[in-house]
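Could you put the whole structure together from the sequences, leaning on the hints where they help?
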Amino acid sequence: MMRNGGELLVASLVSLGARKAFGVPGESYLAVLDALHDVRDRIKLIVCRHEASAANMAEAYGKLTGKPGIVMVTRGPGATQGAVGVHTAFQDSTPLIMFIGQVARTMMDREAFQEIDYRQMFGPVAKWAGQIDIAGRVSEYVNHAFATATNGRRGPVVLALPEDMLTEQVNIEQLPPAPTAMAAPDERALEVLREHLGGAERPFLLVGGGGWTAQAIADLKTFVEATGIAVGATFRAKDLFDNLHPQYAGDVGIGPNPKLAERLRRADLVIAFGPRLGEMTTSGYTLLEAPLSKQPLIHIHPGAEELGRVYTPVLAINAAPEPMARALAAEPWALDEGWLQQAYSAHSEFEDFSKPVDVGEGVNLSQVFAWLDQNLAENAIMCNGAGNYAAWLHRFYRHKHFKTQLAPTSGAMGYGFPAAITAKAVYPHREVICVAGDGCFMMASNEL
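What the sequence shown shows, in my numbering, is residues 1167 to 1614, in sequence order.
Keep in mind the hints are simulated off the structure, nothing from the lab.
All values derive from a computational prediction rather than experimental measurement.
Every residue, glycine too, gets a C-beta built ideally from N, C-alpha and C.
No false leads were slipped in.
Straight-line C-alpha distance at most 25 Å; calculated BS3-like pairs for lysine-lysine:
{"hint": "1", "residue 1": "Lys1590", "residue 2": "Lys1233"}
{"hint": "2", "residue 1": "Lys1387", "residue 2": "Lys1425"}
{"hint": "3", "residue 1": "Lys1425", "residue 2": "Lys1521"}
{"hint": "4", "residue 1": "Lys1186", "residue 2": "Lys1590"}
{"hint": "5", "residue 1": "Lys1387", "residue 2": "Lys1566"}
{"hint": "6", "residue 1": "Lys1425", "residue 2": "Lys1566"}
{"hint": "7", "residue 1": "Lys1566", "residue 2": "Lys1590"}
{"hint": "8", "residue 1": "Lys1387", "residue 2": "Lys1233"}
{"hint": "9", "residue 1": "Lys1210", "residue 2": "Lys1186"}
{"hint": "10", "residue 1": "Lys1425", "residue 2": "Lys1460"}
{"hint": "11", "residue 1": "Lys1590", "residue 2": "Lys1210"}
{"hint": "12", "residue 1": "Lys1186", "residue 2": "Lys1233"}
{"hint": "13", "residue 1": "Lys1566", "residue 2": "Lys1521"}
{"hint": "14", "residue 1": "Lys1566", "residue 2": "Lys1233"}
{"hint": "15", "residue 1": "Lys1233", "residue 2": "Lys1210"}
Computed beta-carbon distance windows for the label pairs:
{"hint": "16", "residue 1": "Ala1496", "residue 2": "His1411", "range": "16 to 22 Å"}
{"hint": "17", "residue 1": "Ser1181", "residue 2": "Asp1524", "range": "54 to 60 Å"}
{"hint": "18", "residue 1": "Glu1527", "residue 2": "Gly1364", "range": "52 to 58 Å"}
{"hint": "19", "residue 1": "Glu1361", "residue 2": "Val1523", "range": "41 to 47 Å"}
{"hint": "20", "residue 1": "Gly1504", "residue 2": "Asp1524", "range": "34 to 40 Å"}
{"hint": "21", "residue 1": "His1567", "residue 2": "Gly1364", "range": "29 to 35 Å"}
{"hint": "22", "residue 1": "Gly1302", "residue 2": "Gln1540", "range": "56 to 62 Å"}
{"hint": "23", "residue 1": "Ala1270", "residue 2": "Ala1380", "range": "41 to 47 Å"}
{"hint": "24", "residue 1": "Tyr1593", "residue 2": "Asn1541", "range": "14 to 20 Å"}
{"hint": "25", "residue 1": "Ile1338", "residue 2": "Pro1594", "range": "35 to 41 Å"}
Have a look at this one:
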(Lines of atoms letter the chains of each structure in order from A and count residues from 1; the text may use other names and numbers.)
(Lines give C-alpha, C1' and ligand atoms only; values in the text may rest on other atoms or scores of the structure.)
Protein backbone atom coordinates (compact mmCIF):
# COMPACT_ATOMS: atom_id res chain seq x y z
CA MET A 1 0.00 0.00 0.00
CA MET A 2 1.35 3.41 -0.97
CA ARG A 3 1.55 5.88 1.91
CA ASN A 4 3.25 9.20 2.37
CA GLY A 5 5.77 10.04 5.08
CA GLY A 6 3.17 11.72 7.28
CA GLU A 7 0.88 8.69 7.15
CA LEU A 8 3.78 6.37 7.96
CA LEU A 9 4.74 8.50 10.94
CA VAL A 10 1.23 8.47 12.40
CA ALA A 11 0.89 4.72 11.72
CA SER A 12 4.11 4.22 13.70
CA LEU A 13 2.75 6.26 16.60
CA VAL A 14 -0.43 4.16 16.65
CA SER A 15 1.62 0.94 16.54
CA LEU A 16 3.79 2.09 19.44
CA GLY A 17 0.79 2.85 21.65
CA ALA A 18 0.62 6.65 21.48
CA ARG A 19 -2.84 7.83 22.49
CA LYS A 20 -2.38 11.58 22.87
CA ALA A 21 -0.27 14.19 21.14
CA PHE A 22 0.16 17.89 21.86
CA GLY A 23 1.05 20.65 19.46
CA VAL A 24 0.53 23.91 17.64
CA PRO A 25 -0.40 23.26 13.98
CA GLY A 26 1.92 24.56 11.28
CA GLU A 27 2.10 24.39 7.51
CA SER A 28 5.46 22.60 7.61
CA TYR A 29 3.87 19.33 8.75
CA LEU A 30 0.39 19.40 7.22
CA ALA A 31 0.76 15.81 5.99
CA VAL A 32 1.11 14.66 9.61
CA LEU A 33 -1.93 16.67 10.68
CA ASP A 34 -3.99 15.14 7.87
CA ALA A 35 -2.92 11.66 8.95
CA LEU A 36 -3.75 12.42 12.59
CA HIS A 37 -7.23 13.50 11.53
CA ASP A 38 -7.70 10.11 9.86
CA VAL A 39 -6.96 8.28 13.16
CA ARG A 40 -8.60 10.78 15.53
CA ASP A 41 -10.44 7.88 17.22
CA ARG A 42 -7.07 6.38 18.24
CA ILE A 43 -4.83 9.40 18.84
CA LYS A 44 -6.23 12.61 20.28
CA LEU A 45 -4.38 15.72 19.19
CA ILE A 46 -4.61 18.40 21.88
CA VAL A 47 -4.17 21.71 20.08
CA CYS A 48 -2.37 24.39 22.09
CA ARG A 49 -1.90 28.14 21.78
CA HIS A 50 1.84 28.16 22.41
CA GLU A 51 4.59 25.64 21.71
CA ALA A 52 6.10 25.96 25.20
CA SER A 53 2.79 24.87 26.71
CA ALA A 54 2.49 22.02 24.20
CA ALA A 55 5.96 20.75 25.11
CA ASN A 56 5.24 21.09 28.83
CA MET A 57 1.99 19.16 28.42
CA ALA A 58 3.85 16.40 26.61
CA GLU A 59 6.51 16.31 29.33
CA ALA A 60 3.85 15.98 32.02
CA TYR A 61 2.26 13.17 29.99
CA GLY A 62 5.59 11.34 29.98
CA LYS A 63 5.87 11.73 33.74
CA LEU A 64 2.34 10.49 34.41
CA THR A 65 2.24 7.54 32.01
CA GLY A 66 5.85 6.45 31.63
CA LYS A 67 5.30 6.57 27.85
CA PRO A 68 6.92 9.18 25.63
CA GLY A 69 4.97 12.41 25.51
CA ILE A 70 4.44 13.42 21.89
CA VAL A 71 4.72 17.08 20.89
CA MET A 72 4.52 18.51 17.37
CA VAL A 73 5.71 21.98 16.42
CA THR A 74 6.47 23.85 13.25
CA ARG A 75 9.93 24.88 12.14
CA GLY A 76 11.96 27.85 13.37
CA PRO A 77 10.01 29.86 15.98
CA GLY A 78 7.83 26.87 16.81
CA ALA A 79 10.86 24.77 17.66
CA THR A 80 12.62 27.49 19.64
CA GLN A 81 9.51 28.15 21.72
CA GLY A 82 9.04 24.45 22.41
CA ALA A 83 12.67 23.98 23.46
CA VAL A 84 11.86 24.71 27.11
CA GLY A 85 9.91 21.45 27.39
CA VAL A 86 12.75 19.48 25.85
CA HIS A 87 15.16 20.90 28.42
CA THR A 88 12.77 20.06 31.25
CA ALA A 89 12.40 16.49 29.96
CA PHE A 90 16.18 16.20 29.78
CA GLN A 91 16.82 17.36 33.36
CA ASP A 92 13.83 15.39 34.69
CA SER A 93 14.70 12.17 32.79
CA THR A 94 11.24 12.13 31.20
CA PRO A 95 10.50 10.29 27.93
CA LEU A 96 9.40 12.77 25.26
CA ILE A 97 9.55 12.96 21.48
CA MET A 98 9.36 16.30 19.68
CA PHE A 99 8.55 16.24 15.96
CA ILE A 100 9.52 19.44 14.14
CA GLY A 101 8.42 20.46 10.67
CA GLN A 102 11.44 21.25 8.53
CA VAL A 103 12.12 23.01 5.24
CA ALA A 104 12.07 20.87 2.10
CA ARG A 105 15.20 18.85 1.39
CA THR A 106 15.76 20.79 -1.84
CA MET A 107 16.06 24.05 0.12
CA MET A 108 18.33 22.99 2.97
CA ASP A 109 21.59 24.76 3.82
CA ARG A 110 20.43 28.00 2.21
CA GLU A 111 19.01 29.49 5.42
CA ALA A 112 15.58 29.01 3.91
CA PHE A 113 12.49 30.42 5.61
CA GLN A 114 12.64 29.41 9.31
CA GLU A 115 15.45 26.91 8.63
CA ILE A 116 17.49 25.63 11.60
CA ASP A 117 19.78 22.62 11.97
CA TYR A 118 17.90 20.92 14.80
CA ARG A 119 20.61 18.32 15.36
CA GLN A 120 22.95 21.10 16.41
CA MET A 121 20.30 23.10 18.24
CA PHE A 122 18.98 20.26 20.39
CA GLY A 123 22.09 18.09 20.59
CA PRO A 124 23.09 19.25 24.11
CA VAL A 125 19.58 18.84 25.61
CA ALA A 126 18.28 15.68 23.93
CA LYS A 127 19.28 12.04 24.10
CA TRP A 128 19.18 12.04 20.31
CA ALA A 129 18.38 14.68 17.70
CA GLY A 130 17.89 13.45 14.15
CA GLN A 131 16.24 14.20 10.84
CA ILE A 132 14.22 11.82 8.66
CA ASP A 133 15.31 12.43 5.08
CA ILE A 134 13.88 9.24 3.54
CA ALA A 135 10.16 8.44 3.79
CA GLY A 136 10.89 4.73 3.60
CA ARG A 137 12.78 4.96 6.91
CA VAL A 138 10.11 6.79 8.92
CA SER A 139 9.06 3.68 10.86
CA GLU A 140 12.71 2.87 11.63
CA TYR A 141 13.37 6.37 12.97
CA VAL A 142 10.22 6.50 15.10
CA ASN A 143 10.97 3.08 16.59
CA HIS A 144 14.48 4.28 17.39
CA ALA A 145 13.07 7.44 18.96
CA PHE A 146 10.74 5.48 21.26
CA ALA A 147 13.52 3.09 22.28
CA THR A 148 15.97 5.93 22.95
CA ALA A 149 13.44 7.93 24.98
CA THR A 150 12.56 4.97 27.24
CA ASN A 151 15.77 2.93 27.56
CA GLY A 152 18.43 3.62 30.19
CA ARG A 153 18.16 7.13 31.59
CA ARG A 154 14.92 8.30 30.04
CA GLY A 155 14.76 11.56 28.19
CA PRO A 156 13.78 13.57 25.12
CA VAL A 157 14.32 12.84 21.44
CA VAL A 158 13.94 15.39 18.65
CA LEU A 159 13.15 14.46 15.04
CA ALA A 160 13.02 16.97 12.18
CA LEU A 161 10.61 16.25 9.32
CA PRO A 162 11.42 17.82 5.93
CA GLU A 163 8.19 18.98 4.34
CA ASP A 164 8.73 17.19 1.02
CA MET A 165 9.67 13.94 2.79
CA LEU A 166 6.27 13.97 4.50
CA THR A 167 4.44 14.07 1.16
CA GLU A 168 6.68 11.51 -0.57
CA GLN A 169 4.80 8.28 -1.43
CA VAL A 170 6.42 4.91 -0.66
CA ASN A 171 5.30 1.29 -0.45
CA ILE A 172 6.84 -0.21 2.68
CA GLU A 173 5.79 -2.45 5.57
CA GLN A 174 5.35 -1.11 9.09
CA LEU A 175 8.06 -2.27 11.51
CA PRO A 176 6.94 -4.03 14.72
CA PRO A 177 7.46 -2.04 17.94
CA ALA A 178 10.92 -2.36 19.46
CA PRO A 179 10.91 -3.79 23.02
CA THR A 180 12.02 -1.64 25.95
CA ALA A 181 15.28 -2.76 27.56
CA MET A 182 15.78 -2.48 31.34
CA ALA A 183 19.15 -2.94 33.02
CA ALA A 184 19.02 -5.33 36.00
CA PRO A 185 21.46 -5.84 38.90
CA ASP A 186 23.77 -8.84 38.89
CA GLU A 187 24.25 -11.09 41.90
CA ARG A 188 27.74 -9.79 42.63
CA ALA A 189 26.45 -6.21 42.88
CA LEU A 190 23.71 -7.31 45.29
CA GLU A 191 26.27 -9.19 47.37
CA VAL A 192 28.48 -6.11 47.71
CA LEU A 193 25.42 -3.99 48.57
CA ARG A 194 24.52 -6.46 51.33
CA GLU A 195 28.06 -6.22 52.70
CA HIS A 196 27.97 -2.43 52.86
CA LEU A 197 24.54 -2.40 54.49
CA GLY A 198 25.64 -5.03 56.98
CA GLY A 199 28.42 -2.77 58.22
CA ALA A 200 26.38 0.44 58.41
CA GLU A 201 25.01 2.00 61.59
CA ARG A 202 23.43 5.13 60.09
CA PRO A 203 22.39 4.30 56.51
CA PHE A 204 20.11 6.54 54.48
CA LEU A 205 18.15 5.72 51.31
CA LEU A 206 17.60 8.57 48.85
CA VAL A 207 15.16 7.93 45.98
CA GLY A 208 14.55 9.94 42.84
CA GLY A 209 14.95 10.03 39.08
CA GLY A 210 12.72 8.73 36.30
CA GLY A 211 11.48 5.34 35.18
CA TRP A 212 9.62 4.38 38.36
CA THR A 213 6.51 2.19 38.21
CA ALA A 214 3.79 1.33 40.73
CA GLN A 215 5.34 -2.13 41.15
CA ALA A 216 8.77 -0.65 41.77
CA ILE A 217 7.30 1.66 44.43
CA ALA A 218 5.59 -1.30 46.14
CA ASP A 219 8.81 -3.33 46.12
CA LEU A 220 10.75 -0.35 47.44
CA LYS A 221 8.35 -0.14 50.37
CA THR A 222 8.87 -3.85 51.06
CA PHE A 223 12.64 -3.32 51.21
CA VAL A 224 12.36 -0.25 53.44
CA GLU A 225 10.07 -2.00 55.92
CA ALA A 226 12.14 -5.19 55.94
CA THR A 227 15.36 -3.37 56.83
CA GLY A 228 14.16 -0.42 58.94
CA ILE A 229 16.18 2.08 56.88
CA ALA A 230 15.21 5.76 56.73
CA VAL A 231 14.16 6.96 53.27
CA GLY A 232 14.07 10.42 51.74
CA ALA A 233 13.22 11.89 48.35
CA THR A 234 15.23 14.07 46.01
CA PHE A 235 14.23 17.51 44.72
CA ARG A 236 10.61 17.44 43.49
CA ALA A 237 10.29 13.66 43.81
CA LYS A 238 8.22 13.50 47.01
CA ASP A 239 5.60 11.23 45.45
CA LEU A 240 8.02 8.30 45.16
CA PHE A 241 7.36 7.33 48.78
CA ASP A 242 4.34 7.82 51.03
CA ASN A 243 5.10 10.93 53.08
CA LEU A 244 2.95 9.61 55.95
CA HIS A 245 4.98 6.42 56.26
CA PRO A 246 6.79 6.30 59.64
CA GLN A 247 10.16 5.74 57.92
CA TYR A 248 9.87 8.70 55.54
CA ALA A 249 12.37 11.41 56.48
CA GLY A 250 11.50 14.20 54.02
CA ASP A 251 12.96 15.60 50.83
CA VAL A 252 16.16 17.40 50.00
CA GLY A 253 16.27 20.33 47.61
CA ILE A 254 15.83 24.07 48.00
CA GLY A 255 15.56 24.93 51.71
CA PRO A 256 15.60 21.38 53.12
CA ASN A 257 14.90 20.61 56.74
CA PRO A 258 18.20 21.45 58.50
CA LYS A 259 17.83 18.35 60.67
CA LEU A 260 17.43 16.17 57.59
CA ALA A 261 20.46 17.79 55.97
CA GLU A 262 22.52 17.09 59.09
CA ARG A 263 21.24 13.51 59.23
CA LEU A 264 22.33 12.98 55.63
CA ARG A 265 25.75 14.48 56.32
CA ARG A 266 26.22 12.16 59.30
CA ALA A 267 25.12 9.01 57.47
CA ASP A 268 27.76 6.30 57.25
CA LEU A 269 26.19 4.95 54.05
CA VAL A 270 24.04 6.72 51.46
CA ILE A 271 22.17 4.65 48.89
CA ALA A 272 21.08 6.89 46.02
CA PHE A 273 18.45 4.88 44.16
CA GLY A 274 17.54 6.50 40.84
CA PRO A 275 18.61 10.16 41.05
CA ARG A 276 21.41 11.89 39.16
CA LEU A 277 22.39 13.70 42.37
CA GLY A 278 22.27 17.14 40.80
CA GLU A 279 22.88 20.60 42.22
CA MET A 280 19.40 21.11 43.72
CA THR A 281 19.24 17.71 45.43
CA THR A 282 22.71 18.06 46.95
CA SER A 283 22.41 21.74 47.97
CA GLY A 284 25.13 22.79 45.57
CA TYR A 285 27.09 19.55 46.00
CA THR A 286 27.49 20.12 49.75
CA LEU A 287 25.22 17.47 51.29
CA LEU A 288 27.29 15.02 49.29
CA GLU A 289 30.59 16.64 48.40
CA ALA A 290 31.67 16.13 44.80
CA PRO A 291 33.50 14.31 43.39
CA LEU A 292 34.23 12.16 46.46
CA SER A 293 31.63 12.37 49.22
CA LYS A 294 32.60 11.93 52.85
CA GLN A 295 29.76 9.44 53.19
CA PRO A 296 30.26 6.09 51.44
CA LEU A 297 27.92 6.24 48.44
CA ILE A 298 26.12 3.45 46.61
CA HIS A 299 24.72 4.85 43.37
CA ILE A 300 21.98 2.97 41.51
CA HIS A 301 20.95 4.39 38.15
CA PRO A 302 19.39 3.06 34.92
CA GLY A 303 21.87 4.99 32.76
CA ALA A 304 25.41 3.64 32.89
CA GLU A 305 26.75 7.00 31.69
CA GLU A 306 25.55 8.66 34.92
CA LEU A 307 27.50 6.33 37.22
CA GLY A 308 30.81 7.98 38.11
CA ARG A 309 29.92 11.08 36.10
CA VAL A 310 29.87 13.43 39.11
CA TYR A 311 30.48 11.24 42.15
CA THR A 312 32.87 8.37 42.74
CA PRO A 313 30.75 5.77 44.58
CA VAL A 314 31.98 2.77 46.55
CA LEU A 315 29.51 0.75 44.49
CA ALA A 316 27.85 1.62 41.19
CA ILE A 317 24.88 -0.45 40.03
CA ASN A 318 23.47 0.01 36.54
CA ALA A 319 19.83 -0.98 37.02
CA ALA A 320 16.37 0.37 36.24
CA PRO A 321 14.03 1.00 39.21
CA GLU A 322 11.71 -1.97 38.63
CA PRO A 323 14.26 -4.84 38.41
CA MET A 324 16.39 -3.27 41.15
CA ALA A 325 13.48 -2.79 43.55
CA ARG A 326 12.30 -6.33 42.79
CA ALA A 327 15.72 -7.71 43.67
CA LEU A 328 15.88 -5.71 46.92
CA ALA A 329 12.39 -6.85 47.95
CA ALA A 330 13.32 -10.49 47.36
CA GLU A 331 16.34 -10.42 49.69
CA PRO A 332 15.94 -12.04 53.15
CA TRP A 333 16.72 -8.92 55.17
CA ALA A 334 16.78 -8.83 58.96
CA LEU A 335 15.07 -5.83 60.55
CA ASP A 336 17.61 -3.56 62.26
CA GLU A 337 15.94 -1.99 65.30
CA GLY A 338 18.59 0.69 65.53
CA TRP A 339 17.93 1.80 61.95
CA LEU A 340 14.19 1.71 62.58
CA GLN A 341 14.41 4.01 65.58
CA GLN A 342 16.53 6.44 63.57
CA ALA A 343 13.91 6.37 60.81
CA TYR A 344 11.11 7.02 63.31
CA SER A 345 13.07 9.97 64.69
CA ALA A 346 13.68 11.33 61.19
CA HIS A 347 9.98 11.06 60.38
CA SER A 348 9.08 12.91 63.57
CA GLU A 349 11.45 15.71 62.53
CA PHE A 350 9.80 15.77 59.10
CA GLU A 351 6.33 16.04 60.68
CA ASP A 352 7.47 18.96 62.84
CA PHE A 353 9.01 20.69 59.81
CA SER A 354 5.73 20.25 57.90
CA LYS A 355 3.59 22.03 60.50
CA PRO A 356 2.37 25.57 59.71
CA VAL A 357 4.55 28.42 60.92
CA ASP A 358 3.74 31.92 62.16
CA VAL A 359 4.43 34.51 59.46
CA GLY A 360 2.80 37.48 61.14
CA GLU A 361 0.19 39.50 59.26
CA GLY A 362 -1.06 38.68 55.79
CA VAL A 363 -1.69 35.44 53.96
CA ASN A 364 -0.02 32.47 55.59
CA LEU A 365 0.77 30.03 52.78
CA SER A 366 1.92 27.39 55.24
CA GLN A 367 -1.65 27.21 56.55
CA VAL A 368 -3.05 27.17 53.00
CA PHE A 369 -1.02 24.13 51.98
CA ALA A 370 -1.54 22.41 55.32
CA TRP A 371 -5.30 22.79 54.77
CA LEU A 372 -5.01 21.36 51.26
CA ASP A 373 -2.96 18.51 52.68
CA GLN A 374 -5.80 17.62 55.04
CA ASN A 375 -8.73 18.18 52.67
CA LEU A 376 -7.74 17.07 49.17
CA ALA A 377 -8.15 13.47 48.06
CA GLU A 378 -4.99 11.45 48.70
CA ASN A 379 -4.55 10.84 44.97
CA ALA A 380 -4.94 14.51 44.02
CA ILE A 381 -2.29 15.69 41.58
CA MET A 382 -0.33 18.81 42.51
CA CYS A 383 1.24 20.77 39.64
CA ASN A 384 3.62 23.70 39.91
CA GLY A 385 6.19 25.63 37.93
CA ALA A 386 9.00 27.72 39.39
CA GLY A 387 9.16 30.58 41.86
CA ASN A 388 9.45 31.21 45.57
CA TYR A 389 5.81 30.20 46.01
CA ALA A 390 6.74 26.57 45.28
CA ALA A 391 8.82 26.33 48.45
CA TRP A 392 5.62 26.56 50.52
CA LEU A 393 3.98 23.77 48.56
CA HIS A 394 6.97 21.45 48.79
CA ARG A 395 7.40 21.97 52.52
CA PHE A 396 3.81 21.93 53.79
CA TYR A 397 2.01 19.56 51.43
CA ARG A 398 2.57 15.82 51.89
CA HIS A 399 2.27 13.38 48.99
CA LYS A 400 0.64 10.08 49.86
CA HIS A 401 0.60 8.29 46.50
CA PHE A 402 2.75 7.72 43.44
CA LYS A 403 2.22 10.07 40.48
CA THR A 404 0.71 12.93 42.46
CA GLN A 405 3.46 15.49 41.86
CA LEU A 406 4.19 17.27 38.58
CA ALA A 407 7.03 19.74 39.03
CA PRO A 408 10.04 20.61 36.85
CA THR A 409 13.44 19.96 38.40
CA SER A 410 14.74 22.24 35.63
CA GLY A 411 13.10 25.18 37.41
CA ALA A 412 11.05 26.17 34.35
CA MET A 413 8.39 28.82 34.86
CA GLY A 414 5.11 28.31 33.03
CA TYR A 415 5.06 24.56 33.64
CA GLY A 416 2.32 24.11 36.24
CA PHE A 417 -0.78 25.08 34.26
CA PRO A 418 0.01 23.01 31.13
CA ALA A 419 0.92 20.10 33.41
CA ALA A 420 -2.45 20.43 35.14
CA ILE A 421 -4.25 20.31 31.79
CA THR A 422 -2.43 17.08 30.95
CA ALA A 423 -3.16 15.59 34.36
CA LYS A 424 -6.88 16.22 33.94
CA ALA A 425 -6.79 14.80 30.40
CA VAL A 426 -5.11 11.60 31.62
CA TYR A 427 -7.04 11.29 34.90
CA PRO A 428 -10.36 13.13 34.37
CA HIS A 429 -11.88 11.87 37.64
CA ARG A 430 -9.01 12.90 39.93
CA GLU A 431 -8.59 16.26 41.63
CA VAL A 432 -5.89 18.32 39.93
CA ILE A 433 -4.47 21.48 41.50
CA CYS A 434 -2.29 24.01 39.69
CA VAL A 435 -0.15 26.12 42.02
CA ALA A 436 1.40 29.10 40.25
CA GLY A 437 2.79 32.53 40.87
CA ASP A 438 1.37 35.36 38.78
CA GLY A 439 4.27 35.35 36.32
CA CYS A 440 4.37 31.57 36.15
CA PHE A 441 0.65 31.41 35.38
CA MET A 442 0.73 34.23 32.83
CA MET A 443 3.33 32.35 30.79
CA ALA A 444 0.68 29.74 30.00
CA SER A 445 -2.63 31.47 30.70
CA ASN A 446 -3.43 31.64 26.98
CA GLU A 447 -4.21 27.91 27.18
CA LEU A 448 -7.43 28.71 29.09
